[in-house]
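Q: Below are the chains, spelled out letter by letter.
There are 4 protein chains.
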Amino acid sequence: MKNPPSIISRAKYDFIDSSTIEKIESYHSKPILESQKIPLQDPYTLNGQKLRLNFIRQQLKTNVDYLAGDKIFDDNESLKGNIENYIGMSQIPTGIIGPLVINGSNAQGIFYVPMATTEGTLLASYSRGAKACRESGAITVITLQEGLQRTPTFKFKNLIDLGKFVSWVLEHKETFATITRESSNYAILNDVGINIEGNILIIKFEYTSGDASGQNMTTICTDKICKYIVANCPVEPVFWTIEGNTSGDKKATSLTKRVRGRKITAEITLLKEVVQSVLKTTPQLLYRQWRINVSGAVKCGSIGTGMHPANAIAALFIACGQDVACTGEASTAITRIEIDDNGDLYCAITMPNIIVGTVGGGTSFPTQKECLQLIDCYGPGKSGKLAEIAIALCLTGEISIMAAMSAGQFTAAHQKFGR
Amino acid sequence: MKNPPSIISRAKYDFIDSSTIEKIESYHSKPILESQKIPLQDPYTLNGQKLRLNFIRQQLKTNVDYLAGDKIFDDNESLKGNIENYIGMSQIPTGIIGPLVINGSNAQGIFYVPMATTEGTLLASYSRGAKACRESGAITVITLQEGLQRTPTFKFKNLIDLGKFVSWVLEHKETFATITRESSNYAILNDVGINIEGNILIIKFEYTSGDASGQNMTTICTDKICKYIVANCPVEPVFWTIEGNTSGDKKATSLTKRVRGRKITAEITLLKEVVQSVLKTTPQLLYRQWRINVSGAVKCGSIGTGMHPANAIAALFIACGQDVACTGEASTAITRIEIDDNGDLYCAITMPNIIVGTVGGGTSFPTQKECLQLIDCYGPGKSGKLAEIAIALCLTGEISIMAAMSAGQFTAAHQKFGR
Amino acid sequence: MKNPPSIISRAKYDFIDSSTIEKIESYHSKPILESQKIPLQDPYTLNGQKLRLNFIRQQLKTNVDYLAGDKIFDDNESLKGNIENYIGMSQIPTGIIGPLVINGSNAQGIFYVPMATTEGTLLASYSRGAKACRESGAITVITLQEGLQRTPTFKFKNLIDLGKFVSWVLEHKETFATITRESSNYAILNDVGINIEGNILIIKFEYTSGDASGQNMTTICTDKICKYIVANCPVEPVFWTIEGNTSGDKKATSLTKRVRGRKITAEITLLKEVVQSVLKTTPQLLYRQWRINVSGAVKCGSIGTGMHPANAIAALFIACGQDVACTGEASTAITRIEIDDNGDLYCAITMPNIIVGTVGGGTSFPTQKECLQLIDCYGPGKSGKLAEIAIALCLTGEISIMAAMSAGQFTAAHQKFGR
Amino acid sequence: MKNPPSIISRAKYDFIDSSTIEKIESYHSKPILESQKIPLQDPYTLNGQKLRLNFIRQQLKTNVDYLAGDKIFDDNESLKGNIENYIGMSQIPTGIIGPLVINGSNAQGIFYVPMATTEGTLLASYSRGAKACRESGAITVITLQEGLQRTPTFKFKNLIDLGKFVSWVLEHKETFATITRESSNYAILNDVGINIEGNILIIKFEYTSGDASGQNMTTICTDKICKYIVANCPVEPVFWTIEGNTSGDKKATSLTKRVRGRKITAEITLLKEVVQSVLKTTPQLLYRQWRINVSGAVKCGSIGTGMHPANAIAALFIACGQDVACTGEASTAITRIEIDDNGDLYCAITMPNIIVGTVGGGTSFPTQKECLQLIDCYGPGKSGKLAEIAIALCLTGEISIMAAMSAGQFTAAHQKFGR
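Chains as they are written, first to last, in our numbering: chain A, 66 to 484; chain B, 66 to 484; chain C, 66 to 484; chain D, 66 to 484.
If you're looking for bench data, these hints aren't it; they were derived computationally from the structure. Where hints are given, some of them may not hold.
Unchecked claim - Taking lysine-lysine and the BS3-like style, the derived pairs with C-alpha atoms no more than 30 Å apart in a straight line are:
hint, chain 1, residue 1, chain 2, residue 2
1, C, K238, D, K77
2, B, K95, A, K102
3, B, K95, C, K229
4, A, K77, D, K289
5, D, K77, A, K77
6, C, K345, C, K88
7, C, K434, D, K481
8, D, K238, A, K88
9, A, K222, D, K88
10, A, K292, D, K77
Stated by the list, open to error - Covered stretches of chain D, going by a simulated chain A footprint (3 or more residues, C-beta under 8 Å):
hint, segment
11, 256-265
12, 410-417
What the hints assert, rightly or not - Label pairs and their calculated CB-CB ranges:
hint, chain 1, residue 1, chain 2, residue 2, range
13, C, L125, D, G444, 37 to 47 Å
14, B, K345, A, G258, 28 to 38 Å
15, A, G444, D, P299, 39 to 49 Å
16, D, P299, A, D130, 46 to 56 Å
17, C, A477, D, F304, 48 to 58 Å
18, D, P299, C, D406, 52 to 62 Å
19, D, K136, C, A477, 50 to 60 Å
20, B, E338, D, H93, 57 to 67 Å
For each residue, glycine too, the CB sits at the ideal point set by N, CA and C.
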């Protein structure tokens, strides 16, 4: 997982390579056996919980002792680097949905996905979406781009100074790549972008960050690069800062900005029989709901056309030790539905800012580690898989909520499961 | 807290009444005593945790047994309405910051605010912001508007049918208010808005929802109203749905949309001495950082000019049983800084979508209840207070991060506290 | 056309009244006679031009002497109020398209619409769109809202001062209505909106402006109101300005802002035979093009989903003496297409910012007056009609360009007609 | 001006080369002589007009016979490619402002800029802005990027097909460059960008277009490329179109989209004495107005922070035969103001979409040609200059309007000059 030699010339646009196509074409999902279904009995008793925990232990062969409450966290030393002024552990109810069948460029197979939430109906709805998908085949998922930015910003006396500074900077790209390599074992500098507005210069340093979500790593590398620049460039800025608020960190920003973390797309064609048997609606009604939705998204000035990917993102991020403050940016999505020539329902979602990590951050805390292990996403080499599970989960949620709304079941479901 | 008679004619714009002005003018913050400071010793040992838990128990006289791990959740019955497919509890490290001194229209006094996160530096940074604020006085906070929407959408054969339908609907506003009263003890229908685009009609039903965050309550009322309309109106839509994706639920949408939950504004003038002693920067540098930030926000197409209110919102929402999937919408903010005639630093933040509840949702779970009680925000009559604490917390974070960036401490802090 | 008594309580949302429905239901378009068709012979000769001028003189009984070059402008006195540093007249090639058949709340009948442009293909394309529409019936057009804003902005020492100021302002609404009446014979003050962000207060004064486009009129009234406020309110702002850049003047702004000038919607159902015979495509292909377009609009961050309404707006505005600098705001549109149960094509466009006038501004200059008279839109009582003709024109253009693109004719047409 | 060998590897970001810096550093503006000032006497008489026409003929040595009305257009043959259904010439009052002193990468020297408008006050205001700028030095203008896009869009059965298609496309970039060279003497293909969303593929073909504005040229080249792809690629799309509505043609789109036409930045530092003597305000007041404006722009969801660049763009485009329908996109701007250490006023504007041409389109019509010649911008090799004059003009307008508003003169000016 350590970084290869740096080459500042990677794909700056979406890309699908031929080995990905082959991998996806050669996958065939098997039917789900009865033994692979999550036991749903006794939803609100200790016994029901135990049934599901046993299912996990036996079916998935992973530990859930901390989630189950059998072990209690007391390793306060491990808090270093993750929190200050610690008083204890907030506890969020957590369940699993699935199996979710994914045929992805990184995630391939069946997954039981943990979600932490206090919103009733949520897991029921995602479970239903996952069922509709797996009864129609597998969700195809392809990662299109990867990149994380810091955007330090420099201000000059005037455009002349700025112009000289930019020229110097662009001649030192390779030095910045070297500084990056020396500062981090994982970060790779892939792009150095220039954005000029009057006497303000924004330099976009774009990295990949191995299997960490990467915000700290890229900050540290960028800081070193900036300090090198300021110390060595003959032209002096009148002010500079490590971040000029254009990186999109912790907030939704323009769709045209391209990528933050990973840009991924996912699709499935739902069989019309399944739309009726599982989702209790028709392709036509679901399609009508989507058309209303996309038109609504335009009217209210939302970024993208997603309905509620934030529910999946927040619940998955809490369970799996991800940065929950990234919910806004990570849930940016374009959701799309069409009826194909067979009368089946083509459903797709594309998300440009799926920012996750499987090392560092909150991934090593007890329940977080257990949740990551549930989906085989703990540790090095797994972040691409986690990101693809995240988008597949979002797609099931988009399908299920629109199905419910199209058929008038939405309110009834919330009256049944919610409070 | 039960609903008063419904009047569909409330303020549709921001408003500050004179009693609020009086309340705020008459408040005088007292100096913080040594005994009121959070013990920060032994940050990463069981002993340090215990010191802080004792401080809470003695200073704040509230229970923290579940947070401390002294009691274990086993009341699975209580999960009904909050989660399905339950397997256990995800545990998120939680700390407190403060005291945060607030002079608000709903929250007035000093507060120790719980935050659940795995991002190192976060609580240290918010603590520093809170300190800079309290050494400069109190954060003024005023709630400007309140309202929660459902936006059912109807499609017609053509504009003629739509026009007849709209006329009928507008003649039945009082009936809708009555249906609302009969459907909920808390919801009040305050506005019925019409948005027409070709043969698509969006009706915005806007409510207040007592002390619940209100998404379910308003869905149920709106569903009943819509069913009444469809059953009684002589003109039939060709399709309708409870939500046409314009309410802004679970996503950031246009700032001009006005309010979702509560629109609140907060301000403080930081003394220049405090900027230097606590924030280790100067008013001039901090102001320069903000100018860069606002200009960056415009350039990257973000909604508003906030830097990272999502950090405060996510950490507070996890700790306090709020809907974390609302992080995107709730963290929408306009952050602003100026230097006043004395050379002090005027700092303000305005947030239109602070959506919180102190009853229902996840508020009654053990650690959530304990966290809410820490800030005296558990139960009826407290949601306005919780919302104002949330924005004050966001303001301290905006100040602290910009201070760090302006003085080049940001990266160093993350290297010290983060991983 | 003079102003009625002022009532600050008009519809703040879209509205269709029953008399509008009746008017539109009772209209029946007659077939277009051969004699009503524009002579298209000799497109690029003096003779062809003469044929078309004669058609106008005989069919429409209006003067076109200045357009024809038979009379030359020399009334320099009349330039006062419209331009400084005058050197002469820029001349823009102008043609007519039509007949355009409209069944609107203000415009009803057939119209030959003047367009001034140097872009080849444009009039040919709009002509084709108009033909497809009239062979399918009439374009239904309904005006939904009217209003023009100035948004003076006030800054205060702090929120306390701002709050006292707002209270005072809201108590003096009726005085502002009186000042408006005294300052203008046409302006009516319909709404006073409050928007607070920290110590900044934006007051939105919303007017109707009779048949003038109204920017000057509303500026003058608002200035008088502001001066009254500042002279009389006991609380003093530290700074104030007549416009804080939120009115949307001369630029596209968020769709959720509601209305600027007039918000109008238009629809037509194109018969599938006509789609094939006139537009040389199929409903299915045209619908596919639109789906791609709306998805493209979302991806590139455009405001609304229009394709090129700006072409119609700019060409009509130049010809008719409107404010061409408003092209950006006025061409904001939501374009929508669907296939109905008969396989016909439902097409709609909704435009919130159609800002036009038929008195004042550039309407009285010689060719501008002639162009306005061509569509019976010169002088008092005609602005509502002009606005509805504008949107109907835009709709024909949206249809025609998408038809061309869907069938691969777009480039060929530009190669034939363009340079 | 013919195209050099095509290299698909140009700067994809802003750039300032060292020869530009040298050119700008070596320029020194001379004081404006009395004889260089536009005669302003007799504003609304034939005599005054004649004085100004003589000034142009003698000072600038260019023809203005058509503008003056001394010659009448009758070359109907020349209309081919520019308009259909021609009936005559719309006439727009036109004046000149200046001298405008520019120190640019393409435009260097003093310019008298023609503007066609019927909005009183406009030329007076731009004149004042130009005066304030020239009394403070020259406006520095630097072109940062150039590019024009067509964004054909392809839809596939599924992601697998799309992936194979993309691979094929990316292997044929050089072929596309060859097709471009064969299809146009001027177009150069500089970039081929890929954007994937589910089964929809948008390919961005980005060109430079010599001195034409280039919309037609790039359409024709892209059409040929697409037809080549569809004829030769083994994978077939289910639908494709020459434009998927993401190129930003005729509408304002996200600032992050980078460039359309030319991205240019301009700056000037206004001396504080000049702010007072010419603009009748103070640096402090003007700066306060700007802060209010930028904050207002954010609040109303406008793209960028410009106040009214559309006024300059529309008036210049009408006079100079540009595509007026591009007013929305071309006037997108970031306007910024700051007070520097001397108390002088730094003013900058950055505009990413200045789309102009000096050959083709409407540039050869009589008055258009005269207006272009007024600023030495007619014919090959001049489009870069015209674009820089456009932005400099916009900057003077931003300064003047904000000055007026900051000092409360705005309304009075409109009462004096407007109607």
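Q: Work down the list of hints and note, for each, if the structure agrees.
A: Going down the list of hints, with the structure as the test:
no.: 1; hint: C:K238 to D:K77; result: violated, 54 Å
no.: 2; hint: B:K95 to A:K102; result: violated, 60 Å
no.: 3; hint: B:K95 to C:K229; result: holds, 25 Å
no.: 4; hint: A:K77 to D:K289; result: holds, 25 Å
no.: 5; hint: D:K77 to A:K77; result: holds, 10 Å
no.: 6; hint: C:K345 to C:K88; result: violated, 33 Å
no.: 7; hint: C:K434 to D:K481; result: holds, 24 Å
no.: 8; hint: D:K238 to A:K88; result: holds, 26 Å
no.: 9; hint: A:K222 to D:K88; result: holds, 18 Å
no.: 10; hint: A:K292 to D:K77; result: holds, 25 Å
no.: 11; hint: 256-265; result: holds (count 8)
no.: 12; hint: 410-417; result: holds (count 4)
no.: 13; hint: C:L125 to D:G444: 37 to 47 Å; result: holds, 40 Å
no.: 14; hint: B:K345 to A:G258: 28 to 38 Å; result: holds, 31 Å
no.: 15; hint: A:G444 to D:P299: 39 to 49 Å; result: holds, 41 Å
no.: 16; hint: D:P299 to A:D130: 46 to 56 Å; result: holds, 54 Å
no.: 17; hint: C:A477 to D:F304: 48 to 58 Å; result: violated, 18 Å
no.: 18; hint: D:P299 to C:D406: 52 to 62 Å; result: violated, 38 Å
no.: 19; hint: D:K136 to C:A477: 50 to 60 Å; result: violated, 36 Å
no.: 20; hint: B:E338 to D:H93: 57 to 67 Å; result: violated, 47 Å
The structure fails hints 1, 2, 6, 17, 18, 19, 20 (numbered hints given earlier, in ascending order).
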